[in-house]
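**Student:** Work the whole structure out from these sequences, hints included.
For the protein sequence lines, the chains are A and B, in the order given. Note that our numbering has the first sequence beginning at 1194, numbered continuously upward. Note that our numbering has the second sequence beginning at 1194, numbered continuously upward.
Hints listed in this document are in silico derivations from the structure and should not be mistaken for laboratory results. Heads up, a few of these hints could be off.
No distinction is drawn between identical chains; accordingly, a pair holds when it is met within one copy or between any pair of copies.
[To be verified] The calculated lysine to aspartate or glutamate pairs, modelled on EDC-like cross-linking and capped at a C-alpha distance of 20 Å, are:
id, residue 1, residue 2
1, K1480, E1507
2, K1480, D1443
3, K1480, D1420
Protein chains: 2
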Amino acid sequence: MSETVDSETVDSDTVDSDTVDVVIAGGGLIGAGIAWRARQRGLTVRVVDPEPGSGASHAAGGMLAPVSEATYGEDRLLRLSQESLRRYPTFVAELQAATGHDVGLRTTGTLMVGFDADDMRALDDLHRYHRELGLPAERLTPGEARRLEPGLTPRLRGALHAASDYSVDARALHNALLAALPAGTLVRERVTGVAVHNGRAVGVRLADGSTLPGQTVVVALGAASADLPGAPPLPVRPVGGQILRARSLDGEPLAERTVRALVRGRHVYLVPIGGNGMIIGATSEEKGWHSRVTVGGVYELLRDATEVLPALAEAELTETLVRFRPGTPDNAPILGPTPVPGLVVATGHYRNGVLLTPVTADAIAELLATGTLPAVAAGFTLARFTAPESGPGRFASSDTDSAAGVGRAASHMPAV
Amino acid sequence: MSETVDSETVDSDTVDSDTVDVVIAGGGLIGAGIAWRARQRGLTVRVVDPEPGSGASHAAGGMLAPVSEATYGEDRLLRLSQESLRRYPTFVAELQAATGHDVGLRTTGTLMVGFDADDMRALDDLHRYHRELGLPAERLTPGEARRLEPGLTPRLRGALHAASDYSVDARALHNALLAALPAGTLVRERVTGVAVHNGRAVGVRLADGSTLPGQTVVVALGAASADLPGAPPLPVRPVGGQILRARSLDGEPLAERTVRALVRGRHVYLVPIGGNGMIIGATSEEKGWHSRVTVGGVYELLRDATEVLPALAEAELTETLVRFRPGTPDNAPILGPTPVPGLVVATGHYRNGVLLTPVTADAIAELLATGTLPAVAAGFTLARFTAPESGPGRFASSDTDSAAGVGRAASHMPAV
Chain A
1194 MSETVDSETV DSDTVDSDTV DVVIAGGGLI GAGIAWRARQ RGLTVRVVDP
1244 EPGSGASHAA GGMLAPVSEA TYGEDRLLRL SQESLRRYPT FVAELQAATG
1294 HDVGLRTTGT LMVGFDADDM RALDDLHRYH RELGLPAERL TPGEARRLEP
1344 GLTPRLRGAL HAASDYSVDA RALHNALLAA LPAGTLVRER VTGVAVHNGR
1394 AVGVRLADGS TLPGQTVVVA LGAASADLPG APPLPVRPVG GQILRARSLD
1444 GEPLAERTVR ALVRGRHVYL VPIGGNGMII GATSEEKGWH SRVTVGGVYE
1494 LLRDATEVLP ALAEAELTET LVRFRPGTPD NAPILGPTPV PGLVVATGHY
1544 RNGVLLTPVT ADAIAELLAT GTLPAVAAGF TLARFTAPES GPGRFASSDT
1594 DSAAGVGRAA SHMPAV
Chain B
1194 MSETVDSETV DSDTVDSDTV DVVIAGGGLI GAGIAWRARQ RGLTVRVVDP
1244 EPGSGASHAA GGMLAPVSEA TYGEDRLLRL SQESLRRYPT FVAELQAATG
1294 HDVGLRTTGT LMVGFDADDM RALDDLHRYH RELGLPAERL TPGEARRLEP
1344 GLTPRLRGAL HAASDYSVDA RALHNALLAA LPAGTLVRER VTGVAVHNGR
1394 AVGVRLADGS TLPGQTVVVA LGAASADLPG APPLPVRPVG GQILRARSLD
1444 GEPLAERTVR ALVRGRHVYL VPIGGNGMII GATSEEKGWH SRVTVGGVYE
1494 LLRDATEVLP ALAEAELTET LVRFRPGTPD NAPILGPTPV PGLVVATGHY
1544 RNGVLLTPVT ADAIAELLAT GTLPAVAAGF TLARFTAPES GPGRFASSDT
1594 DSAAGVGRAA SHMPAV
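**Tutor:** Structure (C-alpha cells):
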C-alpha cells in the first residue's frame, strides 16, 4: 500500500480502505480550524491527534492583538495578522451559530502600560510605528489608564490604548471547532510520519504501525512539525513558554481588557477570561523541548503581574503550565505546499496561532479545495526559506535535495 | 441496630455484621499510624477514608524538628514532640522492615538562617531557649552555614544549627503505613458521623447511609474533626497552608538538610526530599476552609525561597497545593477518651502531625488495647479544654451539656 520513507512495510490489513480527501496531522487550533473550513468546502477530513488541543492551544493567552504585537520589520506578518483579525468576528459568529458554543470573543481592546522612562520610550516608539502604519492607538496618562482599568497600580507611568485589539478564549474556541466537526473526524492516534508512495504523500503513519490514507496530508503539528519522517525538514523550533491562570475568589472580574505591561523592561501580559479568570503570561525560552514550569519563571510572572494589578495577589492560582510555540526564522507561519506532492503544511505560527487561525483555516481550505493558495498567504510558503531568490531568512537545510526541491514549489499545490 | 444522633434509621441490611474492635475515621498519617500499632496489639481494625492521605498528610513538609519549632510557653508540647522524635528511628525501622518501603528518614539536621538584625535577634532568642532547655543547637557564621550548605545565598547574616532534627518523606511514610495494614482494613468511604447507641459510640456512619460498627471509634479526621455528628464538639479549626514542591532538573540535590529561614521577618522552610526534590512551605491562614492556592501566597513563598537558595530558580515547580492543619487553642493535639463512651480522639496535631505520629500511634494503641492512656499523652486529653480546673485555654463550647460531660473524662477511657 505504501512505500514509506523508512524501511518498514505497512501491513495492508491495518490500512483504512476508506480514503478521505484530507488527513490533518495535529488537532490543535490550526488543524481543527482547517478541518472545519475544509468540511465546509465539501471535503472529507480526518484529524489525527492523540490529545487534541493539549499543546500550545491549551496554553495560549488568546490575545488577538496585531497592533500591540506589531514589531518593526514584520510588516508582512502584521498585514496577515490584521487580515485574520478582520475575519475573526465572522469566523466566530459562524462557529457559534454552528455549534451553540460561546468562544468568549472580547472586543474591549488592549492597554499597554509602562513603569519607568525606558518602558515609556518603548511605548512611544510603538505608538510612532502605529501612526506610520495608520493603526489606531492612543497615549493615555496613568489617570486615564486607571479610569479604564481601576485595578491597575497607581505606580504606572503611562499607557497606550489599542482599542481595536480583541481576545478570545482559546480553549473554548478549540472546543467549538471540534464540536463543529462531524462524528468520526477525529482519530485519537499519534502521527509518527508521513506515508509517501512514489514520491507523493498518501497518508499519515500512526503510532500503532498502521497508515491512515488521504488524498492530501496537512502537517499542523505546531512545534512538533519539524523532522517528521516523510516530510521535508521544516524550519520550526519549539520556543518554551510558561503561562499561568488565576481567578478571583469573589467571582468578580479582575480586569475588563487585556493589559500588556513593560515592568522596568520585563514583559508580562494579563488577559481576562471567563467571568473572573485571568491568564498571566509568558516566559520565552530557547531551550528546545527542555523548558519546564520553573520556580524562577513562575516567580517572575507572579511578581510582575501583581505589580501591574495588585488585587491579583488575592486571586486563586489555578494553573501553571509550559507549552511550546512553533517558532520560525522570521516569526511568521509556514503555509501551503511543500516539495512533496500531496503534502501541505500549516505550522510555525509562533506567538500568533490563535490570531492567525481564521486566515490560516481559510487559506489552507482554499488550497485543498481548489489547488491554489490564495494571495493573502502566498508570501508564507516554505519556499521563502529555501529558494535562492528569497534573500535573508533562508533556511539552512542540511538536506540539499529537499531544499532544491522546495525551490520549485510556488504558491500552487503540486498536482493532486 | 443503632439509634443515631440524628433521626435517620439505619437499615440493618446495610450494617456490616462483622464488628471489629476499632473503627478509625480518617486514614491520614495519624489514623493509619494508629491502625498499624493497634493491629500489632492484636486488635481488628478498619480505617475509613475515601482518599486516605489526601489531606494534611499529603502536603506536610515532614520536618521532625522539635528544637527548631520550639516556642516559649509550649514546653509540654515540646516534651511530647521530643519523645516522638526519640521513637522515630525505631518506628521507621519497624515499618521499613515490615513493608520494604523506604520512608526517606533524614538525620542531617536543620539550619536556621536569618537576613537582618531582627531575624538574628529572633534566632538568638531561640538559641537562648534551647540552652535553657538543655537542647543542642549551635550558632554559625554565614561562612560556616555556607560550608554546610553551599547553595545558601551569601546574603544571609547568620545561622543556628540544630543537628539533631530529622525529616521524613511524609507521603512515603503514609504509603508504608497503608502497606503495613492487612488487606481489607481500608474502607474507602466518607464518614458522616459517629453512630451512637444508648449514649455509646458503636461505629461510624458512612456517606452511603450505612453504619460500619466497631467496639471503639477513633476520630482522626484532622481539621475535619470538629462538628462531627455524634461526637462532642472538638476545639479544632482548619489553619490553611499553601505549600509547594520543586525538583532540580539536573537530578542533583538542591540541599542536604532542612533550611528554615527568617527573611527579614518572613518565615519560609525548605525541606529536601528524595534525590532532587524540595518542599517549600508554608503560608498560615486563618480563613476557615476558604484558603486556596493564591497568586500572592505562591509568589511570596517563591520569592523568599529563592532568596535563601538562589539555585531554586532553575528548579521545576512541580506542585502547588493548599491543605488544612488541625489547629487547637494551645497548638497541641487532642488525644484520648471523650465524654462519649467508646469514642476516642486523635486530632488537633496542628503543625506537628508528622512529628507526633509515632507517639500518637503508640499512645492511642495502648489506650485501645488496655483502656489506659499512657502518661506521655495524659496531658493532652480533651478534658484540658473543658474541665473547670484546666485554667486558661478552656474551650468555650456553646454545648453546655457536652462541656459538662467532658469534665468527667479523665485519662482513662470510659468502660468499653
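**Student:** Could you run down the list of hints and mark each one as holding or not?
**Tutor:** How the hints compare with the structure:
no.: 1; hint: K1480 with E1507; in the structure: between (32 Å within a copy, 13 Å between copies)
no.: 2; hint: K1480 with D1443; in the structure: between (38 Å within a copy, 14 Å between copies)
no.: 3; hint: K1480 with D1420; in the structure: within (17 Å within a copy, 52 Å between copies)
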